[in-house]
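Chain by chain, the residues:
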Amino acid sequence: MSFTGYPPPVHLLADLGMEAVLTTHTTARVRTRVTPQVASPGGGVRIGVLATLVDVVGGAIAARVLHPDWLATADLAIELVGPPVGPWVEARGSVVRRGRTTLVIEALVVSVDADGGDVTVDGRVPEPVAWASMTFAVLPAKEPSVAAELSADLPVHWGFRGGALDGPVLDALLVTVLDGPAGRVSVPVRPYVHNSFGALQGGVIALLAEAAGAESLGAAQGRDGSGMVVTDLQIAYLALGRVGPVVSSARVLATGPDGRAGAVVELRDTGADGRLTTVVNVTAEPTDVVVGVAG
Amino acid sequence: MTGASPHGGPGSRTTVGPDGEVVDGAPTDPAVDRRRHVSDYFRLERWELPGTVADGPPAIAGRTPVDAHLRGPGGGLRTGGLLTSIDSLGGFTSGLAVLPRWIVTTSLMATVSELSHVGPLRLRADVLRRGRNSVVTSLDVVDEGAGDRHVAAATLTCAVLDPDAMTLEFERPFVLAMPEPQIDPVPPDEFFCIEPGEGAVTRLRLEDQLRNPWGILHGGAVAMLADEAACRATLTAVPGAGPEHGVAATDVVLHYLRPVKVGPVEARCTVLGTRAGRTSVRVAIHDVGSDDRLVTLGSVTVLDV
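Which chain is which? The protein sequence lines are U and W, in order.
Using the working numbering, count along the first sequence one by one with no gaps and you end on 295.
Using the working numbering, count along the second sequence one by one with no gaps and you end on 600.
Hints should not be assumed to be uniformly reliable.
[Said to hold, decoys possible] Quick look at which bits of chain U chain W covers, simulated, 3 or more residues with Cβ under 8 Å: (1) 87 to 94; (2) 131 to 142; (3) 215 to 226; (4) 232 to 244; (5) 257 to 271.
[To be verified] From the derived model, a few chain W residues whose C-beta atoms are all more than 12 Å from chain U: (6) Pro360; (7) Glu409; (8) Arg417; (9) Glu490; (10) Gly492; (11) Val496.
[To be verified] Across the chosen pairs, the derived CB separations fall in these ranges: (12) Gln477/W with Thr176/U: 52 to 58 Å; (13) Thr120/U with Glu490/W: 33 to 39 Å; (14) Trp342/W with Arg190/U: 43 to 49 Å; (15) His67/U with Leu394/W: 48 to 54 Å.
Everything labelled a hint here was simulated from the structure, so no lab data went into it.
Even for Gly, the Cβ is constructed at its ideal location relative to N, Cα and C.
Full structure from sequences and hints, please.
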């Protein structure tokens with residue numbers, strides 16, 4: 001399956017080198033390499049990158065299941081479970097329920113080797129890297145923004161081929177921290193981060209929320225953003241961020257005795273009268289508490 | 296109907312249910328008022344905030360005490376109870392926003408930042424987005440007894456129901472006083488008919504008082520079941536879990552996929568992983584008596600407390 005003209009050759013998804021396979025009519029797998037460019041402060045993969053992976057696998061399934069209708073991500077929740085222990089991480093998605101107006105998809109993110117096989121540790125398959133679920137809104141097919149070319153034969157393989165990231169993923173997105181304690185982080189809206197509607201891609205939104213949450217929650221504990229690992233994102237997509245820059249703000253909720261803390265992050269399209277585009281519940285832990293040291 | 300948890304409004308007059316059945320606003324059992332039974336258990340008071348009635352979507356506040364029999368291992372209101380109040384208030388707010396249509400909850404995402412509460416807890420629900428097919432509402436919960444310390448944040452998404460499916464009327468601005476304390480309160484597991492047990496599977500009997508005016512299982516009961524099931528699964532599967540006081544649910548995601556009509560209801564848990572006193576549990580809830588169909592899917596993060 002491919003979407004005509006999307007993503008363009010110079011695009012985040014291409015730079016992440018994602019490889020995908022539609023395994024059945026209702027399941028798919030999408031993987032990306034574990035590299036220093038996508039590493040979280042704790043050493044694992046940034047949850048925003050995993051969310052991007054999940055969004056792509058969900059979108060691939062949804063586009064096929066809903067064809068000729070189109071889709072928009074309505075919500076996405078992801079939580080880290082264990083550290084990645086292989087050279088790749090793979091999101092394995094499947095349909096949970098197809099309704100009249102919504103489609104719910106579940107995805108498990110696991111560690112895989114270069115051949116796509118499960119990585120084992122001491123003869124055992126380790127715990128997954130993350131678990132995610134998402135809801136897609138069904139958009140009736142009037143004038144879909146991109147055309148899906150569906151193959152009748154399965155499996156279908158494809159890849160997003162581009163240049164590799166030559167620096168941290170947040171730098172590639174041109175993310176700028178305006179005010180760390182307030183969680184004010186900015187990202188421009190440009191073709192490199194577009195979704196198929198020409199607005200800010202859902203995974204990029206997750207990355208922005210991750211950065212905003214880490215900055216604000218870190219500041220609340222006397223750390224900078226690199227001292228926190230975001231472990232959970234609960235994202236409600238309310239409107240498209242078409243103009244930009246999209247700027248976040250964060251409200252720190254509370255901090256537990258072990259430093260585990262939560263914030264509510266709001267994203268607004270400052271080029272569209274400050275329209276509220278996204279609300280995200282963010283949970284983070286200090287790097288010395290967590291987790292995700294890449295193997 | 297695309298989801299599983301439609302909300303009957305307190306003080307409302309329901310005439311026709313979403314499946315066309317006549318409900319007439321009155322419970323089948325006169326001793327049980329299905330419009331309020333579950334939220335009354337948590338003594339949820341509600342009031343519409345000034346200035347939000349005439350234009351735009353409403354904002355509704357609520358208050359619930361933290362009675363002794365409702366406290367969990369964390370020392371505060373059990374997370375399942377918190378989610379029930381969030382679902383009740385958020386669903387009602389969403390419904391008011393789309394009158395004369397009504398809503399059904401399709402997903403609930405919540406993060407609990409404080410498990411120990413003084414009480415009462417004050418809730419506020421604001422509509423973030425009111426679309427043709429769905430309503431998104433944010434909820435905030437603070438502990439009034441602890442200087443408005445933050446307790447939880449949540450986002451509730453509801454699908455809008457066919458306007459021909461029901462007629463609901465409310466006096467505006469809406470006010471509902473806090474119900475009186477129960478004389479002989481029963482613990483949550485007993486009230487919600489959650490069978491005793493341990494392990495990966497927890498079962499709920501679908502007794503009549505747990506049905507809402509539409510005759511299906513209340514979304515709050517589903518949340519309470521998910522909470523209890525995830526905690527039991529953690530205590531069974533994770534050696535040393537809850538070494539001091541036990542375990543409690545914090546971050547919760549629930550997708551209400553289908554209404555629960557028959558029962559019994561089973562929550563089947565898979566412990567995904569554990570680290571630093573924090574366990575991730577996938578929860579799949581099935582209506583056993585309805586061809587065992589999957590009715591709710593979600594995840595619960597369980598913390599040692």
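Hint by hint, here is what the structure shows:
no., hint, verdict
1, 87 to 94, "violated (count 0)"
2, 131 to 142, "holds (count 4)"
3, 215 to 226, "violated (count 0)"
4, 232 to 244, "holds (count 5)"
5, 257 to 271, "holds (count 5)"
6, Pro360, "21 Å, holds"
7, Glu409, "5 Å, violated"
8, Arg417, "15 Å, holds"
9, Glu490, "26 Å, holds"
10, Gly492, "24 Å, holds"
11, Val496, "19 Å, holds"
12, Gln477/W with Thr176/U: 52 to 58 Å, "55 Å, holds"
13, Thr120/U with Glu490/W: 33 to 39 Å, "38 Å, holds"
14, Trp342/W with Arg190/U: 43 to 49 Å, "46 Å, holds"
15, His67/U with Leu394/W: 48 to 54 Å, "35 Å, violated"
Violated hints, listed in ascending order, are 1, 3, 7 and 15; each of the other numbered hints is respected by the structure.
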